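Going down the list, the sequences are from chains Y and E.
Per numbering that gives the first Met the number 0, the first sequence starts with residue 0, numbered consecutively.
Per numbering that gives the first Met the number 0, the second sequence starts with residue 0, numbered consecutively.
These aren't lab readings, by the way, just hints derived from the structure by calculation.
One or more hints might be untrue.
What the hints assert, rightly or not - In silico DSS-like pairs for lysine-lysine, Cα to Cα no more than 27 Å straight-line:
#, chain 1, residue 1, chain 2, residue 2
1, E, LYS56, E, LYS154
2, E, LYS258, Y, LYS49
3, E, LYS56, Y, LYS188
4, Y, LYS159, E, LYS258
5, E, LYS249, Y, LYS49
6, E, LYS201, Y, LYS194
7, E, LYS258, Y, LYS1
8, Y, LYS270, Y, LYS188
9, Y, LYS159, E, LYS249
10, E, LYS152, E, LYS56
Note that the structure is predicted; figures quoted are calculated from it, not measured.
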Amino acid sequence: MKPAPFDYVRPRSLPEATALLSDESANAKIFAGGQSLGPMLNLRLARPAKLVDIRNIQALRAVRVDEKSYSIGATLTHAEIEDGAFEDFSQGLLPFVARGIAYRAVRNRGTVGGSLSHADPAADWVSTMAAIGATMVVHGPAGERRVPAEQFLVGAFTSKLGATELLTAIELPRLSATARWGYYKVCRKTGEFAKAIGVTIQDPRAGIFRVLAGSTEGRPVLLARSGETLATQGADRAAGVARQEIEEVLPHLEPGHRQQLAVAVQRSLQKISLLETV
Amino acid sequence: MPMLNVSLTVNGRPAAATVEPRTQLCELLRENLNLTGTHVGCEQGVCGACTVVVDGKPQRSCISYAGDCEGGSITTIEGFDDDALMDELRVAFSRHHALQCGFCTPGMLITARDIILRLGETSAARIREELSGNLCRCTGYVGIVEAVEQVSKGKAARDPKAPVAAIEATVASRPADTVRKVFAPAPRPTVATPSAGTSARKGWSSIEQRLTVGFSPDVVWDRLSDIREVSTCLPGAEITELDGDRIRGKMNVTLGPMKIAFNGDGNVMLDAERRIGRLSGGGRDAGSGSTAEGEVEWRVLPGEASDSLIQVSLSWRLSGRLAQFNRAGLVQDVIQRLASIFVSNLEASLKGEAIGEQSVKSLGIFSLMWGVFKERFLRRTRKNT
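Next up, chain Y with everything else stripped away, as it sits in the complex (with noise of 0.2 Å):
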């Protein structure tokens, strides 16, 4: 299928990518890498006038740091981050995930941030930047504000952004040389959507005992009984919580789904607990 005809600009900075948006009746969509958006654009399911591509936009591409936290521009792509292309500040948790993503061929063109702004529940950021406690930075016509990442979707496909907004950066905390993560996820092949994903992040220095399920056909779920068993229990007995809880807080999703799901969580608390063994 070849997409329906649009118009392409290509802005060369914020403020002309923003005027772009500003106009809702134009039916512009911002497009990064395109690898969400291109397969959409094909099948003519989606029907945008006018693609505003931010892939030369350099201020999108900046990394900075300070002593807690840093931030990481929203059209890197998941290669960049896969190949350290900039220092790693999570621990190996970053280019651990990036490399899970779908191929290399697409991992080479697709952003961290279009991956988030596409808000589909199965996507590999979507789950890892709620479950370290990100924050999105978004660039609307009224200025800049920031949501909590574990915030950022509503459900499927649709995140908190507004028409006229895009994200222009995520904030992230530094873990400490003392955190310890886990990250699993059931997928059918290599490359595919996971049908689960399960999270963890312990790092007791920065006071983060966070257990997230994803991949749950809408926003992910931050597991907090889960997460303060793991402060005060550890891993092993979170494990068992988590299933439970995991029963609680998603008795909407089929069975199969749930199982998926505290399967990939609990493996993500086994990963803690084995690097505690060693």
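Given chain Y's structure and the hints, the job is docking chain E onto it.
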């Protein structure tokens, strides 16, 4: 639509073309530049047959367009005639019977070359992982993996760390703020009691929502018999014609970049005695070439004291390209959200309150009535724009 003048470098030579902005890179290469070695398979980023090298990195040429490759440097399979590594791969592919029909081969070779450049000597398991984005329907991959493994023997990995983004020390962001607290707030609220399940009918999905309202069943039924009133509670729905039990209407849904408008018709059935209403029908979205069928059934049951229990069940089936997209569950989430908004609007309407803003915007999906929609979206391609 204005045409686009594109200049790029293809296989080391400058090339230019005047094309529509929607032209895919693979199309530009094949149709305008006559480089038919790039094969076009699925056109949705799944099969890998169209993989070419863009600015030194393998990429899909079916999901890249004329405008965004402006100024780029492209190497297609034709551009590797004098490449020593590709030469080795070609010989190894022949020796190991790594191709039969040859359709996937240009993409396989380009991916294989990248694997060896990046990783050097590589295990068969890692090669399989790295090749997972290139589909071959003939060989069963055994010969391909053997060929790549053999060529990779003794090769050294290229240093992957080409610095792309210089780190700016200490800027802007507010430190303490980002490191937010640990124990997360509770999960999504449950408006009503949803339960999901596979419908008894083949290929159909359904969900159910319940709502208890502080009005007597008679009052509730009375309100729910007014189809126009009910339709205003469903975001995106619009009734254009109502004639006896026949109904015509529209359902607009915005789902990420997809804007879908189903036009359709259906039937209304109202059983006042048992307080059961049913609306069923189907519609078509011409733009995406998709059809939806759906049914919504509502029952008003006596609740505790003078309350009523409203039970709403939505069933739907999608076909066409929307259905090909095929990711069960996502549509369910959308319908779930739609149903939740519907139920809360209904409650507001019964209480005589203004219906929330959400009902005005089209949020939902589908063909006239409420439930029609369907599971299955986007299967394959990956996320990440």
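Hint by hint, here is what the structure shows:
no. : hint                : result
1   : E:LYS56 x E:LYS154  : holds, 19 Å
2   : E:LYS258 x Y:LYS49  : holds, 14 Å
3   : E:LYS56 x Y:LYS188  : holds, 23 Å
4   : Y:LYS159 x E:LYS258 : holds, 17 Å
5   : E:LYS249 x Y:LYS49  : holds, 25 Å
6   : E:LYS201 x Y:LYS194 : holds, 23 Å
7   : E:LYS258 x Y:LYS1   : holds, 17 Å
8   : Y:LYS270 x Y:LYS188 : holds, 21 Å
9   : Y:LYS159 x E:LYS249 : holds, 26 Å
10  : E:LYS152 x E:LYS56  : holds, 22 Å
Every hint, counting from the list given before, is met by this structure.
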